[in-house]
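Since chain A is already given, all that's left is putting chain B on it; use the hints.
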Amino acid sequence: MAAFTIAAGTGNWFSALALGVTLLKCLLIPTYHSTDFEVHRNWLAITHSLPISQWYYEATSEWTLDYPPFFAWFEYILSHVAKYFDQEMLNVRNLNYSSSRTLLFQRFSVIFMDVLFVYAVHECCKCIDGKKVGKELTEKPKFILSVLLMWNFGLLIVDHIHFQYNGFLFGLMLLSIARLFQRQGLPILSRLVLNSGGQAILPPRLTKVLGLQKRHMEGAFFFAVLLHFKHIYLYVAPAYGVYLLRSYCFTANKPDGSVRWNSFSFVRVISLGLVVFLVSALSLGPFLALNQLPQVFSRLFPFKRGLCHAYWAPNFWALYNALDKVLSVIGLKLKFLDPNNIPKASMTSGLVQQFQHTVLPSVTPLTTLICTLIAILPSIFCLWFKPQGPRGFLRCLTLCALSSFMFGWHVHEKAILLAILPMSLLSVQKAGDASIFLILTTTGHYSLFPLLFTAPELPIKILLMLLFTIYSISSLKTLFRKEKPLFNWMETFYLLGLGPLEVCCEFVFPFTSWKVKYPFLPLLLTSVYCAVGITYAWFKLYVSVLIDPPVGKTKKQ
Amino acid sequence: MEKWYLMTIVVLIGLTVRWTVSLNSYSGAGKPPMFGDYEAQRHWQEITFNLPVKQWYFNSSDNNLQYWGLDYPPLTAYHSLLCAYVAKFINPDWIALHTSRGYESQAHKLFMRTTVLIADLLIYIPAVVLYCCSLKDISTKKKIANVLCILLYPGLILIDYGHFQYNSVSLGFALWGVLGVSCDWDLLGSLAFCLAINYKQMELYHSLPFFCFLLGKCFKKGLKGKGFVLLVKLACTVVASFVLCWLPFFTEREQTLQVLRRLFPVDRGLFEDKVANIWCSFNVFLKIRDILPRHIQLIMSFCFTFLSLLPACIRLTLQPSSKGFRLTLVSCALSFFLFSFQVHEKSILLVSLPVCLVLSEIPFMSTWFLLVSTFSLLPLLLKDELLMPSVVTTMAFFIACVTSFSIFEKTSEEELQLKSFSISVRKYLPCFTFLSRMIQYLFLISVITMVLLTLMTVTLDPPQKLPDLFSVLVCFVSCLNFLFFLVYFNIIIMWDSKSGRNQKKIS
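One line per chain: the protein sequences are A and B, in this order. Residue 58 is where the first sequence starts when you use the numbering used here, and the numbers rise one by one after that. Residue 48 is where the second sequence starts when you use the numbering used here, and the numbers rise one by one after that.
Chain A with its partners taken away, still in its complex shape (with noise of 0.2 Å):
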């Protein structure tokens, strides 16, 4: 009793929260399964009962293994617990298998997988300082943090509907994040020696003696090891590149906050790429040995695949391949254009994977990848020059992955939730980004809804939606009651308007007789409306990156 006793003491919401969420994903496993279901289960067959030297040239299955050998480890590792399950689940042949055990199976390992992810919450609640602590529990920054995280829409239904193994994947960078930000050391000695701004007010060499160091060797060691998980997190690596050099290689800064170069430490620079390497080594080294590498790159990067996904991200090709289709319809209307000339298919659906131009020029995969540099630099200038410890990092990791985003060549929409994680980071710390986090995870998770198109799983996605959207305005919110409104009215007229945007997609649309003439009308819709939202969030993000000052002139002032 007195265990129990102990187990519901007021200091376990944190438990509660997570033991909730996971209650709440084993309520959702009966729900419908993508194919990236017969995905996951193909690679555990593959890995299972092929040695290494097949891995990545087996191609019974259309879904061939598309992610670093770490991964491959992962579904290896998992297929040895899968055989108590259902032995016929691992085999190669047996495609578009999917027993109740095998279900089961694959669910729970999403379900357990995730454990790796509330630990990693639970590291970052550590890292949000308790300035602002209300007296209610609710309106705690750490409280409204872990649920933002725990509870994100995105990942509940990427991972435990769509089926994805994100959430261990997020635990990872979410981990890799806390330790930038967390130093080593009793917590209690860290607050003494810290002012509220997170920095040391103590001379350098005792910080050192008292082990207050960050710990940025084992974050950059977690973020290794995740690229070699799943290779879309490639997109945000400048941000930890140039982070870990300014701040961890370079060991002092000038008053003015720009670098001293004299301060470089070459320990520093060779213990991190040691980690790198052998990271990597582990990982590509069997291939390598089996000179193999071109194959599994030619598998990790298929750029065979058009511009946009079936249903466009919300981008901004979106908005350019909606723009080429007004104008093209204008000028077949004023006769400016022939219609002998225009390519059938961009008339007919918007559905084809090849989607070719009309009235603008086409785009190829070097313009996409030229895009994506020129709008991740000056994010990444801005953490050169600029640097604003953790939180500015944060901002550019956020930066980093919704400029690939916006740019990338063959981006899904599930991509988005590599921004939105991090940036629920900053949200909880100060009104302007909280602003902004809102847009941004509304009209991202909003654009998630294409995923989900069985009836059965309708109201769910409606309902998580609600849930999570009227939770996350409404405490961020009341966390931010002191500041200026976080939206305007602009704003909040757009927000309101996803609303009806929905009730006509999904209620209005499929009773009109434009449902077979235009099948694809909802979707580009959806995806035009939403990029308007995440182009604004993300131009609105970069203007507050690039006008922030740095840390050290606030002070001053």
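The hints are simulated quantities; they were obtained by calculation from the structure and are not laboratory data. From the three backbone atoms N, C-alpha and C, an ideal C-beta is built for every residue, glycine too. Hints may be right or wrong, so weigh each one.
[To be verified] Under the rule of at most 20 Å between Cα atoms (straight-line distance), these lysine to aspartate or glutamate pairs were calculated in the EDC-like manner: (1) B:K370 to B:E462; (2) B:K50 to A:E540; (3) B:K188 to A:E196.
[Stated by the list, open to error] Using C-beta positions, here's what the derived DEER-type ranges look like: (4) A:S157 to B:L489: 37 to 43 Å; (5) B:K101 to A:Y575: 48 to 54 Å; (6) A:S106 to B:I492: 45 to 51 Å; (7) B:Y114 to A:P359: 39 to 45 Å; (8) A:L161 to B:P79: 25 to 31 Å; (9) B:L489 to A:V149: 26 to 32 Å; (10) B:F136 to A:V383: 34 to 40 Å; (11) A:S106 to B:P79: 39 to 45 Å; (12) B:G149 to A:L578: 38 to 44 Å; (13) A:V149 to B:G149: 39 to 45 Å; (14) A:I527 to B:Y114: 54 to 60 Å; (15) A:E119 to B:G149: 54 to 60 Å; (16) B:F136 to A:L152: 39 to 45 Å.
Here is chain B on its own, set in the frame of chain A:
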């Protein structure tokens, strides 16, 4: 209310859990020829839509009463008719006479589940929210936590959204009744409760406390003055609402009698299947059903029920109070469940509803009871392949209760409302100080038994000679727990008003 958003969140969580549970299987899925309650509800839509009112309750070539004949009061029939109109609009095959028997499809399941959700959303959930808001003496945060716990009560969710029934309608109306009567809108309250009875006759379990409470109120106001006026008004409301509901069946005497015969099937025996009441548990030792003739069984069960609920009802009539009313609702419903004739395992929901209402006052005991009540449904839930959602929702409910009421810190005698009882016992037995500790141990034993039995039922195969071993054990254990709760609730009812008076004297 500045915390409106938390209330919205809580309601949304309740709705999400309901809908996710509804994705699971329903009773009798793919099991011809009789299917289950799901088919019964669909069949009622078919009958009410295709046949004239006069034939609804009669056996005919179009209406085989052996095949899920309508045996609920008229309001259920009207509800089925309403659903049938919507079904007709979407897909007429769903309710075609004769040919639609055993109709099953994903779309139809979706439709049926949606009707439950809509009924719940319109009737039960607003009643819960309003009820918790009307509670006095607790903070807004506690009110919201209370709503969460009540909405997460697994028994109702699993039966309505898993097994398939519309209990939230009748329970919702009953809750509106409780709400009305405790807020002194007696007429509206009794109207709502009449609707509840006319939706499901099982609501009669709650009728005596309603009657006694309202009668007590009239007595209090003085039977010669205002009290009499109120009594007449109440009587008129009840009669009028009944007449309104039964209007089509009052045209002929035979109609009314037939409906009543359908509602109270006396010849179906003392109990059916496995139910956690006295008769079924006693059946393990002695086959009462075979020994005693039916009319004696009837009289016996009536006597036991009557005797067990009498003290609480008298107390309520003499000293009507809102809290006493809710506690009497619990003990009366529990008496009916344990002792009355022809009880179903699902009737435990009628006890759970009033227990939910005292959740904030006696969190420890209420949570315990609600867990046991869900456990007692285990054999039924296993038959419907609802193991997974049952376990998950039960754990969710338990966690919600533990975090929002910190129930394990509320096990003192005072908090269990047993203070005055133990004081009066101590007058005769001075060493009687172990009550609180004893209850904690009983809780532990009970929970461990339930967990072990659940594990055994799920993993082990019963011995061939005793195929029902585990379900009988589940019923037996639950019945023991329920008996304990009956004693407990009667004790706190009998000693409650005394302590109230004592406190007044002290202050």
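- Message: Can you tell me whether the CB distance of F136 (chain B) to V383 (chain A) sits inside 34 to 40 Å?
- Response: For V383 (chain A) against F136 (chain B), whose Cβ atoms are near 38 Å apart, the range 34 to 40 Å holds.
- Consistency of beta-carbon spacing, P79 (chain B) to S106 (chain A), with hint 39 to 45 Å: For P79 (chain B) against S106 (chain A), whose Cβ atoms are near 41 Å apart, the range 39 to 45 Å holds.
- Query: Does the Cβ distance between S106 (chain A) and I492 (chain B) fall inside 45 to 51 Å?
  - Reply: Holds: the Cβ-Cβ distance is about 49 Å, inside 45 to 51 Å.
- Task: Starting from the range 48 to 54 Å, see whether the pair K101 (chain B) and Y575 (chain A) falls in it by beta-carbon distance.
- Result: Cβ of K101 (chain B) to Cβ of Y575 (chain A): about 51 Å, so the range 48 to 54 Å holds.
- Using the C-beta atoms of E119 (chain A) and G149 (chain B), is the stated range 54 to 60 Å upheld? violated (39 Å)
- Item | Beta-carbon spacing of L161 (chain A) to P79 (chain B) - inside the hinted bounds 25 to 31 Å or not | Between L161 (chain A) and P79 (chain B), where Cβ atoms are some 27 Å apart, the hint holds.
- Message: Assuming the hint says 54 to 60 Å, is it satisfied by the Cβ distance from I527 (chain A) to Y114 (chain B) or not?
- Response: violated (46 Å)
- Note whether the CB distance of L489 (chain B) and V149 (chain A) lies within 26 to 32 Å or breaks it. violated (56 Å)
- Query: Are F136 (chain B) and L152 (chain A) spaced within 39 to 45 Å by their CB atoms?
  - Reply: holds (40 Å)
- Query: When you check the alpha-carbon spacing of K370 (chain B) and E462 (chain B), does it fall within 20 Å?
  - Reply: holds (15 Å)
- Task: Given the hint of 39 to 45 Å, check if Y114 (chain B) and P359 (chain A) actually sit that far apart at their C-beta atoms.
- Result: violated (58 Å)
- 20 Å Cα cutoff - pair K50 (chain B), E540 (chain A): holds (19 Å)
The structure shown violates the earlier hints numbered 7, 9, 14 and 15.
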